[in-house]
Amino acid sequence: MAMRSMSSPAVAQPVRRGATLHRPSSTANHANATTTTSPLARLVLRSSASVPQPNPRPLSTSASTPLTSWQVVRTGVVTRASGGGGSKSVVGAASAASEEIDSGGSGGALSKTLLLGGLFALWYLFNIYFNIANKTVLKAFPFPLTCTTLQFAVGGVLALSMWGLRLHKRPELTRDALVGILPLAVVHTLGNLLTNVSLGKVAVSFTHTIKAMEPFFSVALSAAFLGDIPTLPILLSLIPVVGGVALASLSEPTFNWPGFLAAMGSNITFQSRNVLSKKLMGGKPKTAGGGKMDNINLFSIITIMSFFLLTPVTLMAEGVQFTTANMAAMGVADPSALMVRAMQAAVCFHAYQQVSYMILQRVSPVTHSIGNCVKRVVVIVASVIVFANPVTPVNAAGTALALLGVFAYSQAKRAAVADEKAAKKAE
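So the sequence shown is numbered by the working numbering: it starts at 946 and just counts up by one.
Accuracy of the hints is not assured; some may be wrong.
Derived pair list, reagent style DMTMM-like, types lysine to aspartate or glutamate, alpha-carbon separation capped at 25 Å [said to hold, decoys possible]:
(1) K1223 <-> E1263
(2) K1366 <-> E1263
(3) K1237 <-> E1263
(4) K1114 <-> D1239
(5) K1080 <-> E1263
(6) K1057 <-> D1279
(7) K1224 <-> D1173
(8) K1237 <-> E1117
(9) K1320 <-> D1239
(10) K1224 <-> D1121
(11) K1114 <-> E1263
(12) K1224 <-> D1239
(13) K1366 <-> E1117
(14) K1084 <-> D1364
(15) K1370 <-> D1121
(16) K1114 <-> D1279
(17) K1057 <-> D1239
(18) K1370 <-> D1279
(19) K1223 <-> D1239
(20) K1369 <-> D1173
(21) K1084 <-> D1239
(22) K1084 <-> D1279
(23) K1223 <-> D1121
(24) K1320 <-> E1117
(25) K1223 <-> D1364
(26) K1237 <-> D1173
Distance windows between CB atoms, simulated [unchecked claim]:
(27) Q1306 <-> A1342: 34 to 44 Å
(28) K1223 <-> A1360: 37 to 47 Å
(29) I1184 <-> P1338: 17 to 27 Å
(30) T1256 <-> E1372: 42 to 52 Å
(31) K1223 <-> A1273: 25 to 35 Å
(32) P1338 <-> V1277: 35 to 45 Å
(33) R1120 <-> I1184: 43 to 53 Å
Everything labelled a hint here was simulated from the structure, so no lab data went into it. Keep in mind that this is a model prediction, so the values were computed, not measured. Note that CB positions come from ideal geometry on N, CA and C, so glycine has one too.
Please model the entire structure based on the sequences and the hints provided.
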């Protein structure tokens, strides 16, 4: 009889009044769950049992797919098995949370799109105002060194304020990082100075038409110093860029060699900055913690270093010219208004570049280059309208051809990057 009772199945015990029934579970966690519950837990379970539950979508309870922390926070209801190794949400709450996440995903995507669109709008507006205000100042106050130094000074103050107010995390600099950034600051200084020289000599529209040749110098310098061989579509896209700039230059009413060569020089220096960054540092400089420095901090440090690099040169070459007395002696009708305009241009100079880097953190470099191409079109059109520059049909055709070439280059670059990623995945 003893042997028989041991082999027979367990007899179901009568359920005591008020006891909690536990559903069997296929998982190990539920199998090992404790059967005793506190009075508070029994009250919660009795209340939830009285509420009809909808038919939820099944939620995997596999131990290989545990709930993440954000899921636990969103559901707000978690039961923990005493013998198990993970947390399980109530199925109904998990289903509701899943639907909430799905519905909130579209809203999050919409908000990100609106934010990105707003950043692009600010990028274009700051750039338009900088070019128009800067051109106005340089026409009445032909001292590009002083104007460039002022722009670096204002940018440095804004960068220090950004760190001081904790709007952006201050970088932890090392001596090696500063040494690596110094060459970038040198070419950044020279590139912005040459751009201001060109803006002071020729029309804004012509300066930006010449600067559309940046892809040409990027391909040439990358091939020469980094060994990056361009694809055939990239090479073909450069033909309309070069041809368009040549056509626009031949028919430009404000053409002169100093302005043309200064714009070309700025193309070379700005593109050499990218090559130097890859050649000397293999990308971005590193902070004291070993992480890579973000673009906003890198640009801010370069701006401050550029101010200290250019100030001695400005004092020796041009002296102290940015005073109301000197401006009045030069025949400026309203020196105070011109100084305010110069300060506004300096603020917009720093603002549009900071916004540009904010956009670059959210989109791919190729998308950013396409946006830069559109920005150049907007600046050219705005400057022609504001300054009423004469534009011949040949000049307009050359400008349009160059900008279309830049757009084609961006598309070819996008395809090349996609092919490179596909090749790496295949390996």
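Checklist entry - I1184 and P1338, beta-carbon distance inside 17 to 27 Å? => result holds (21 Å)
Item to check | 25 Å Cα cutoff - pair K1080, E1263 | outcome: holds (19 Å)
Checklist entry - Is the gap between the beta carbons of R1120 and I1184 within 43 to 53 Å? => result 46 Å Cβ-Cβ, so the 43 to 53 Å window holds.
Checklist entry - For the pair supplied as a hint, K1084 and D1279, is the alpha-carbon distance within the 25 Å limit? => result OK: K1084 and D1279 at ~14 Å, within 25 Å.
Checklist entry - When you check the alpha-carbon spacing of K1370 and D1121, does it fall within 25 Å? => result Distance of about 35 Å is beyond 25 Å: violated.
Checklist entry - Do K1223 and A1273 keep their Cβ atoms within the hinted range of 25 to 35 Å? => result violated (48 Å)
Next on the checklist: So if I understand the rule, the pair passes when the alpha-carbon distance is 25 Å or less; does K1223 with E1263 pass?
Outcome noted: violated (35 Å)
Checklist entry - Quick one: are T1256 and E1372 within 42 to 52 Å, going by C-beta? => result holds (51 Å)
Checklist entry - Are K1237 and E1263 close enough, with their CA atoms no more than 25 Å apart? => result violated (38 Å)
Checklist entry - For the pair supplied as a hint, K1084 and D1364, is the alpha-carbon distance within the 25 Å limit? => result violated (47 Å)
Next on the checklist: Just to be careful, I want the Cα atoms of K1223 and D1121 compared with a cutoff of 25 Å; is the pair within it?
Outcome noted: holds (15 Å)
Next on the checklist: So if I understand the rule, the pair passes when the alpha-carbon distance is 25 Å or less; does K1057 with D1239 pass?
Outcome noted: The given pair, whose Cα atoms are some 20 Å apart, holds under the 25 Å limit.
Consistency note: the structure conflicts with the earlier hints numbered 1, 2, 3, 6, 11, 13, 14, 15, 16, 18, 21, 24, 28, 31.
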